[in-house]
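S.K.: Model the full assembly from the supplied sequences, consistent with the hints where possible.
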Amino acid sequence: MNNGSPMEQVLACVGQLPPLSAAVVEVLASFERKDVDADEIADKISLDQGMVTRVLRVANSAFYGFSGKVGTMHEAIVLLGFHNIRSLVVAAGLIRQFPPREHSQFDHSLFWRHNIGAGVCARVLAGRLGKDGELAFTAGLLHDVGRLAVEVMCPEKSDAVAAHSASHDTTLLEAECAILGIDHAAIGFEAAKRWNFPVAIQLAIRDHHQPGQESGFLADVVHVASVLCHTLDIGNTVNDRVPPLSPDAWQRLGLHWEMIKYCLPEIERQNAAASLMLGD
Amino acid sequence: MGHKIISLADARPGMRIASDVCGPKGGDVLLAAGAVLSGVTLSALARRGISQLEVVEALSPAELAARNAAIDQRLDVLFRHAGNDLLLCKLREVVREYRVEKL
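From first to last, the protein sequence lines stand for chains A and B.
Each number in the numbering used here comes from the position in the first sequence (counting from 1) with 149 added on.
Each number in the numbering used here comes from the position in the second sequence (counting from 1) with 12 added on.
Just so you know, the hints here were simulated from the structure itself, not pulled from any lab data.
Quick reminder that beta carbons are idealized off the backbone N, C-alpha and C, glycines included.
Mixed in with the good hints, there may be bad ones.
Label-pair distances were calculated between CB atoms; the ranges are [unchecked claim]:
{"#": "1", "chain 1": "B", "residue 1": "26", "chain 2": "A", "residue 2": "403", "range": "44 to 54 Å"}
{"#": "2", "chain 1": "A", "residue 1": "185", "chain 2": "B", "residue 2": "77", "range": "49 to 59 Å"}
{"#": "3", "chain 1": "B", "residue 1": "84", "chain 2": "A", "residue 2": "230", "range": "35 to 45 Å"}
{"#": "4", "chain 1": "A", "residue 1": "182", "chain 2": "B", "residue 2": "77", "range": "51 to 61 Å"}
{"#": "5", "chain 1": "A", "residue 1": "185", "chain 2": "B", "residue 2": "84", "range": "43 to 53 Å"}
{"#": "6", "chain 1": "A", "residue 1": "400", "chain 2": "B", "residue 2": "63", "range": "43 to 53 Å"}
{"#": "7", "chain 1": "B", "residue 1": "80", "chain 2": "A", "residue 2": "386", "range": "42 to 52 Å"}
Calculated lysine to aspartate or glutamate pairs in the DMTMM-like style (CA-CA distance at most 25 Å, straight line) [as the list claims (entries may be wrong)]:
{"#": "8", "chain 1": "B", "residue 1": "16", "chain 2": "A", "residue 2": "382"}
{"#": "9", "chain 1": "A", "residue 1": "410", "chain 2": "A", "residue 2": "389"}
{"#": "10", "chain 1": "A", "residue 1": "410", "chain 2": "A", "residue 2": "397"}
{"#": "11", "chain 1": "A", "residue 1": "218", "chain 2": "A", "residue 2": "251"}
{"#": "12", "chain 1": "A", "residue 1": "410", "chain 2": "B", "residue 2": "109"}
{"#": "13", "chain 1": "A", "residue 1": "410", "chain 2": "B", "residue 2": "22"}
{"#": "14", "chain 1": "B", "residue 1": "16", "chain 2": "B", "residue 2": "97"}
{"#": "15", "chain 1": "B", "residue 1": "16", "chain 2": "A", "residue 2": "415"}
{"#": "16", "chain 1": "B", "residue 1": "114", "chain 2": "A", "residue 2": "389"}
{"#": "17", "chain 1": "B", "residue 1": "114", "chain 2": "B", "residue 2": "66"}
{"#": "18", "chain 1": "B", "residue 1": "102", "chain 2": "A", "residue 2": "407"}
{"#": "19", "chain 1": "B", "residue 1": "114", "chain 2": "A", "residue 2": "417"}
{"#": "20", "chain 1": "A", "residue 1": "183", "chain 2": "A", "residue 2": "281"}
{"#": "21", "chain 1": "A", "residue 1": "183", "chain 2": "A", "residue 2": "157"}
{"#": "22", "chain 1": "A", "residue 1": "410", "chain 2": "B", "residue 2": "105"}
{"#": "23", "chain 1": "A", "residue 1": "218", "chain 2": "B", "residue 2": "40"}
{"#": "24", "chain 1": "B", "residue 1": "114", "chain 2": "A", "residue 2": "415"}
{"#": "25", "chain 1": "B", "residue 1": "102", "chain 2": "B", "residue 2": "69"}
{"#": "26", "chain 1": "A", "residue 1": "410", "chain 2": "B", "residue 2": "32"}
{"#": "27", "chain 1": "B", "residue 1": "102", "chain 2": "B", "residue 2": "40"}
{"#": "28", "chain 1": "A", "residue 1": "410", "chain 2": "B", "residue 2": "66"}
{"#": "29", "chain 1": "A", "residue 1": "410", "chain 2": "B", "residue 2": "84"}
{"#": "30", "chain 1": "A", "residue 1": "218", "chain 2": "B", "residue 2": "109"}
{"#": "31", "chain 1": "B", "residue 1": "102", "chain 2": "A", "residue 2": "417"}
{"#": "32", "chain 1": "B", "residue 1": "102", "chain 2": "A", "residue 2": "382"}
{"#": "33", "chain 1": "A", "residue 1": "306", "chain 2": "A", "residue 2": "251"}
M.R.: Now the structure itself:
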């Protein structure tokens, strides 16, 4: 690690993040391409049996309605469609690639529960708003990837952030600024650029705490999704709190309370299925 | 009315299922929410390897009050920094209503 400021040290570490698996890279790139060879990608995914197992567990859940009939990645793509499968592949790939560290203060399981939950909230909201739900799911799933990057590349700093947040009753964002001089949204943006995430997802990661007019739909929907996820107590620690909800994002999305009420049971139903991704 | 998860061994004929019962690995809905258990269905669920169920339970007034208090207590923690923020206050109200309706 270099001897610069804490922020420079963190960014230098994040710059060394390992590449994502070939299957995840291709699936992420496919969001911005039309000429996708789903069979070829399925072959690549099939090389990682651990990833396949997680994807099939969700694909066989009651939510998709294929009741244990999905046995291979190729079947998953035929039955559920490549569009619906790729967000599951991204989730499974990242969970597999960055396993929990022993004695870490970073709760790996809660991290993924929150991110999968935010992904589900984003998918349900986007669906109600007539937008691409799977892209929204993927953006929600990846919105806190900056936290994961710090945990993987600077574990001692990740522990210090967790300890500071707990002892000072601050938000994670405040603890990160105090310890790292930079927050997980900005770190995540750097990681997302390094990993060549689609640009709309990069912006959603960067701006999910304070989306602006220029941030785009995904940033707005992921912002609201993350707040909803905290409110529904999905992936929270005992001391977590609901972060501020941007009135501008709410207004730009055209949300109203009846829509939120309608979405809550659907979010819990879909989240039960998506959470099958977790566990051994 | 509330919901509780019980082991199949504790399930009795006459109990009402609160949420769909699916196969142990996900998939087929074996018994839909709202169905009333019978001796036959209990045996069938045992054969399919089901180990637990969510059933509807009738709550006493005291139990209901305790569940309501637990909901408020958790929301107090989650919204402890919300202050008078209008959106967060409304969000809390909507989620509280949703939680209470499920009791």
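S.K.: Each hint: holds or not?
M.R.: Do the hints match the structure? See the list:
1. With their beta carbons about 47 Å apart, residue 26 of chain B and residue 403 of chain A fall inside the hinted range of 44 to 54 Å.
2. Residue 185 of chain A and residue 77 of chain B have their C-beta atoms about 56 Å apart, which keeps the hinted 49 to 59 Å range intact.
3. Take residue 84 of chain B and residue 230 of chain A: their Cβ atoms lie about 43 Å apart, and the range 35 to 45 Å holds.
4. Between residue 182 of chain A and residue 77 of chain B the beta carbon distance is about 57 Å. The supplied range of 51 to 61 Å therefore holds.
5. Judged by the Cβ atoms, the range 43 to 53 Å given for residue 185 of chain A and residue 84 of chain B holds: they are separated by roughly 49 Å.
6. Evaluation of the 43 to 53 Å hint for residue 400 of chain A and residue 63 of chain B yields a pass: the beta carbon distance comes to about 47 Å.
7. Between residue 80 of chain B and residue 386 of chain A the CB atoms are about 24 Å apart, so this pair departs from the stated range of 42 to 52 Å.
8. For the suggested pair residue 16 of chain B and residue 382 of chain A, the alpha carbons sit about 18 Å apart, so the restraint of at most 25 Å is met.
9. For the suggested pair residue 410 of chain A and residue 389 of chain A, the alpha carbons sit about 22 Å apart, so the restraint of at most 25 Å is met.
10. Distance check on the hinted pair: residue 410 of chain A and residue 397 of chain A sit about 20 Å apart at the alpha-carbon level, within 25 Å; holds.
11. Straight-line distance between C-alpha atoms of residue 218 of chain A and residue 251 of chain A comes to about 36 Å, which puts the hinted pair past the 25 Å bound.
12. At most 25 Å may separate the alpha-carbon atoms for a hinted pair to count; residue 410 of chain A and residue 109 of chain B meet this at roughly 9 Å.
13. For the given pair, residue 410 of chain A sits about 34 Å from residue 22 of chain B by alpha-carbon distance, which is inconsistent with the 25 Å threshold.
14. Distance check on the hinted pair: residue 16 of chain B and residue 97 of chain B sit about 34 Å apart at the alpha-carbon level, beyond 25 Å; violated.
15. Of the supplied pair hints, the one linking residue 16 of chain B and residue 415 of chain A holds, its CA atoms being roughly 20 Å apart against a limit of 25 Å.
16. Our distance criterion of 25 Å between C-alpha atoms is met by residue 114 of chain B and residue 389 of chain A, whose separation comes to about 23 Å.
17. At most 25 Å may separate the alpha-carbon atoms for a hinted pair to count; residue 114 of chain B and residue 66 of chain B meet this at roughly 13 Å.
18. Restraint check for residue 102 of chain B and residue 407 of chain A: satisfied, since their Cα atoms lie roughly 12 Å apart, inside the 25 Å limit.
19. About 12 Å separates the Cα atoms of residue 114 of chain B and residue 417 of chain A, which keeps this hinted pair within 25 Å; it holds.
20. Distance hint between residue 183 of chain A and residue 281 of chain A is fulfilled; the C-alpha atoms sit about 15 Å from each other, no more than 25 Å.
21. For the hint linking residue 183 of chain A to residue 157 of chain A, the alpha-carbon distance of about 38 Å lies beyond 25 Å, and the restraint is violated.
22. A hinted pair counts as satisfied when its Cα atoms are at most 25 Å apart, and residue 410 of chain A with residue 105 of chain B qualifies at roughly 11 Å.
23. For the hint linking residue 218 of chain A to residue 40 of chain B, the alpha-carbon distance of about 10 Å falls within 25 Å, and the restraint holds.
24. With a C-alpha separation of about 14 Å, the suggested pair residue 114 of chain B and residue 415 of chain A falls inside the 25 Å cut-off, and the hint holds.
25. Annotation: proposed proximity of residue 102 of chain B to residue 69 of chain B is violated, straight-line Cα distance about 30 Å (limit 25 Å).
26. A threshold of 25 Å between alpha carbons decides the hint, and for residue 410 of chain A with residue 32 of chain B the separation of about 21 Å falls inside it, so the pair holds.
27. A hinted pair counts as satisfied when its Cα atoms are at most 25 Å apart, and residue 102 of chain B with residue 40 of chain B does not qualify at roughly 38 Å.
28. Restraint check for residue 410 of chain A and residue 66 of chain B: satisfied, since their Cα atoms lie roughly 23 Å apart, inside the 25 Å limit.
29. In summary, the hint linking residue 410 of chain A to residue 84 of chain B is supported, as the alpha carbons are separated by about 18 Å, within the 25 Å threshold.
30. For the hint pairing residue 218 of chain A with residue 109 of chain B, the CA-to-CA distance comes to about 38 Å; that exceeds 25 Å, so the pair is violated.
31. Using a Cα cut-off of 25 Å, the hinted pair residue 102 of chain B and residue 417 of chain A holds, with the two alpha carbons roughly 20 Å apart.
32. Restraint check for residue 102 of chain B and residue 382 of chain A: the C-alpha separation of about 17 Å stays at or below 25 Å, so the hint holds.
33. A C-alpha spacing of about 15 Å is found between residue 306 of chain A and residue 251 of chain A, which places the hinted pair at or below 25 Å, so the restraint holds.
Of the numbered hints given earlier, the model fails hints 7, 11, 13, 14, 21, 25, 27, 30; all others are met.
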